[in-house]
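S.K.: Chains Y and G are the protein sequences, given in the same order. Just so it is clear: in the first sequence, position 47 is 47 by my numbering, and no numbers are missing. Just so it is clear: in the second sequence, position 31 is 31 by my numbering, and no numbers are missing.
It is possible that part of the hints are untrue.
Residues of chain G placed beyond 12 angstroms of chain Y at every Cβ, according to the derived structure [stated by the list, open to error]:
hint, residue
1, T43
2, G173
3, D217
Taking CB as the label site, the calculated pair distances span [said to hold, decoys possible]:
hint, chain 1, residue 1, chain 2, residue 2, range
4, G, D160, Y, R77, 45 to 53 angstroms
5, G, D42, Y, G29, 20 to 28 angstroms
6, G, Q223, Y, M30, 50 to 58 angstroms
7, Y, E13, G, G134, 56 to 64 angstroms
8, Y, A53, G, Y57, 23 to 31 angstroms
9, G, E227, Y, E49, 50 to 58 angstroms
10, G, Q135, Y, E54, 52 to 60 angstroms
11, Y, R36, G, D177, 24 to 32 angstroms
12, G, V112, Y, K39, 41 to 49 angstroms
Listed below are the simulated DSBU-like cross-link pairs for lysine-lysine, each with C-alpha atoms no more than 35 angstroms apart in a straight line [what the hints assert, rightly or not]:
hint, chain 1, residue 1, chain 2, residue 2
13, Y, K58, Y, K42
14, G, K133, G, K156
15, G, K231, G, K71
16, G, K231, G, K156
17, G, K28, G, K231
18, G, K156, G, K71
19, G, K156, G, K28
20, G, K35, Y, K42
21, Y, K58, G, K71
22, Y, K21, G, K156
23, G, K71, G, K28
24, Y, K21, Y, K58
25, Y, K42, G, K156
26, G, K133, Y, K39
27, G, K35, G, K133
28, G, K71, Y, K42
29, G, K35, G, K231
30, G, K35, Y, K58
31, G, K71, G, K35
32, Y, K58, Y, K39
33, Y, K21, Y, K42
In short, the hints are calculated from the structure, not lab data. Cβ atoms here follow ideal geometry from the backbone N, Cα and C, with glycine treated the same way.
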Amino acid sequence: MTYRVSIFIELQEGVLDIQGKAVERSLAGMGHDALRSVKVGKYIQVWVETGSAEDARKEAERMCDDLLVNSVIEQFRIEVEGE
Amino acid sequence: MNTAVIVFPGSNCDQDVMHAVAGSLGTKVRAVWHKETTLPEDTDFVILPGGFSFGDYLRCGAMAARSPIMKAVAEHGRRGGLLLGICNGFQILTESRLLPGALLPNRTLNFVCRPCFLRVESVSTPFSSLFSKGQVVQFPIAHGDGLYTLPEEELKALEDRGGVVFRYSDSDGLTGDDANPNGSANNIAGIVNERGNILGLMPHPERASEALTGGEDGRVFWQSILESFTKGGR
Chain Y
1 MTYRVSIFIE LQEGVLDIQG KAVERSLAGM GHDALRSVKV GKYIQVWVET
51 GSAEDARKEA ERMCDDLLVN SVIEQFRIEV EGE
Chain G
1 MNTAVIVFPG SNCDQDVMHA VAGSLGTKVR AVWHKETTLP EDTDFVILPG
51 GFSFGDYLRC GAMAARSPIM KAVAEHGRRG GLLLGICNGF QILTESRLLP
101 GALLPNRTLN FVCRPCFLRV ESVSTPFSSL FSKGQVVQFP IAHGDGLYTL
151 PEEELKALED RGGVVFRYSD SDGLTGDDAN PNGSANNIAG IVNERGNILG
201 LMPHPERASE ALTGGEDGRV FWQSILESFT KGGR
């Protein structure tokens, strides 16, 4: 079965999120007074053909380790559709 | 000393660096396409040039670090062979884990392209042996993602072992925050691995290798490498 896997990547705590800061300043400047903080990350979707949702997750985790995520600065979270 | 310059899709400093090495040293330089799986057998020195490999997609240098040739490049480095990454090449070296840390977007979010002063912090590397410690040199920078970062403890370890080779400074060698063009930790512009044979730096020595292009400090950089190679036979 083909599973759609969503991968959410964000900078680790303590790593300077300069894009988040820039967006934060812009939003604040536009008058969004309720705004307290902004973080900018990445959203990647992959479609994988595996026997189970669990295998789809494992496959996506391998992709994160191999290329999609730089563990020096980033962390990630995976959602498998139908899991 | 035979030099191999690796060319990735989107590399744009490969010709410049080949011109600078050949012009400064008169030694043999060859281009090697990233899809090759081996380096020319007599390769002594490997350069990962600047540019925008794979369009800087995902993260700068991330996909180039996984190119077929990189296994041979890493093996060359592990054997103690001379390996240099300039700008995007530095990003590729960190993405390959051949050097510690990572390069983030500049703190201003601007692409910064201008001449830059650097203070030479270590002359005990093959890449800097003909400079004098504390000497101020000028190489241009041209990057959008040059903010060097690594966890605090690793940063301390890097500094303690003298791994920082070049630091952004002003013309007097002062390394204040206003001399830091991108927000790099401790004004770091270039670092070397523990063994001393792998260097990554954001500034471009190949663009400071003849008077016509605004400076010749880069020639000393290339000459250091050749002299160290000739002496040490790395």
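S.K.: Each hint needs a verdict: does it hold in this structure or not?
M.R.: Results for each hint:
1. No Cβ of chain Y comes within 12 angstroms of the Cβ of T43/G; the nearest lies about 26 angstroms off, and the non-interface call holds.
2. For G173/G, the condition that its CB be more than 12 angstroms from all CB atoms of chain Y holds, with the nearest at approximately 26 angstroms.
3. No Cβ of chain Y comes within 12 angstroms of the Cβ of D217/G; the nearest lies about 30 angstroms off, and the non-interface call holds.
4. At about 35 angstroms, the CB distance of D160/G to R77/Y disagrees with the hint of 45 to 53 angstroms.
5. Look at D42/G against G29/Y: about 59 angstroms separates their beta carbons, and that is not inside 20 to 28 angstroms.
6. Separation of Q223/G from M30/Y is about 54 angstroms and conforms to the stated range, judged on CB atoms against 50 to 58 angstroms.
7. Remark: the range hint 56 to 64 angstroms for E13/Y to G134/G is contradicted by a beta-carbon distance near 36 angstroms.
8. A beta carbon spacing of about 28 angstroms between A53/Y and Y57/G agrees with the range 23 to 31 angstroms that was offered as a hint.
9. Distance hint for E227/G and E49/Y: a CB-CB separation of about 56 angstroms, consistent with the stated range 50 to 58 angstroms.
10. At about 58 angstroms, the CB distance of Q135/G to E54/Y agrees with the hint of 52 to 60 angstroms.
11. At about 27 angstroms, the CB distance of R36/Y to D177/G agrees with the hint of 24 to 32 angstroms.
12. Between V112/G and K39/Y the beta carbons are some 24 angstroms apart, a value that contradicts the proposed interval 41 to 49 angstroms.
13. With a CA separation close to 20 angstroms, the supplied pair K58/Y and K42/Y stays within the 35 angstroms bound.
14. Between K133/G and K156/G, the direct Cα distance comes to roughly 20 angstroms. Compliance with the 35 angstroms bound is thereby established for this hinted pair.
15. Between K231/G and K71/G the alpha-carbon distance is near 27 angstroms, which keeps this suggested pair within the 35 angstroms criterion.
16. A C-alpha spacing of about 31 angstroms is found between K231/G and K156/G, which places the hinted pair at or below 35 angstroms, so the restraint holds.
17. For the given pair, K28/G sits about 18 angstroms from K231/G by alpha-carbon distance, which is consistent with the 35 angstroms threshold.
18. This hinted pair checks out: K156/G and K71/G have alpha carbons roughly 29 angstroms apart, not beyond 35 angstroms.
19. Restraint check for K156/G and K28/G: not satisfied, since their Cα atoms lie roughly 38 angstroms apart, outside the 35 angstroms limit.
20. Annotation: proposed proximity of K35/G to K42/Y holds, straight-line Cα distance about 28 angstroms (limit 35 angstroms).
21. Simply put, K58/Y and K71/G have alpha-carbon atoms about 25 angstroms apart, close enough for the 35 angstroms limit, and the pair holds.
22. Note on K21/Y and K156/G: the hinted pairing holds, with a Cα-Cα distance of about 26 angstroms set against a maximum of 35 angstroms.
23. Of the supplied pair hints, the one linking K71/G and K28/G holds, its CA atoms being roughly 23 angstroms apart against a limit of 35 angstroms.
24. Distance restraint check for K21/Y and K58/Y: the Cα-Cα separation of roughly 33 angstroms lies within the 35 angstroms cut-off, and the hinted pair is therefore satisfied.
25. For the hint linking K42/Y to K156/G, the alpha-carbon distance of about 30 angstroms falls within 35 angstroms, and the restraint holds.
26. At most 35 angstroms may separate the alpha-carbon atoms for a hinted pair to count; K133/G and K39/Y exceed this at roughly 41 angstroms.
27. At most 35 angstroms may separate the alpha-carbon atoms for a hinted pair to count; K35/G and K133/G exceed this at roughly 39 angstroms.
28. Of the pairs offered as hints, the one joining K71/G and K42/Y holds, with about 28 angstroms between alpha carbons and a cut-off of 35 angstroms not exceeded.
29. At roughly 33 angstroms between alpha-carbon atoms, K35/G and K231/G fall within 35 angstroms of each other, so this suggested pair holds.
30. With a C-alpha separation of about 28 angstroms, the suggested pair K35/G and K58/Y falls inside the 35 angstroms cut-off, and the hint holds.
31. Annotation: proposed proximity of K71/G to K35/G holds, straight-line Cα distance about 11 angstroms (limit 35 angstroms).
32. With a CA separation close to 27 angstroms, the supplied pair K58/Y and K39/Y stays within the 35 angstroms bound.
33. This hinted pair checks out: K21/Y and K42/Y have alpha carbons roughly 16 angstroms apart, not beyond 35 angstroms.
When the structure is compared with the earlier hints, violations turn up for hints 4, 5, 7, 12, 19, 26 and 27 and for no others.
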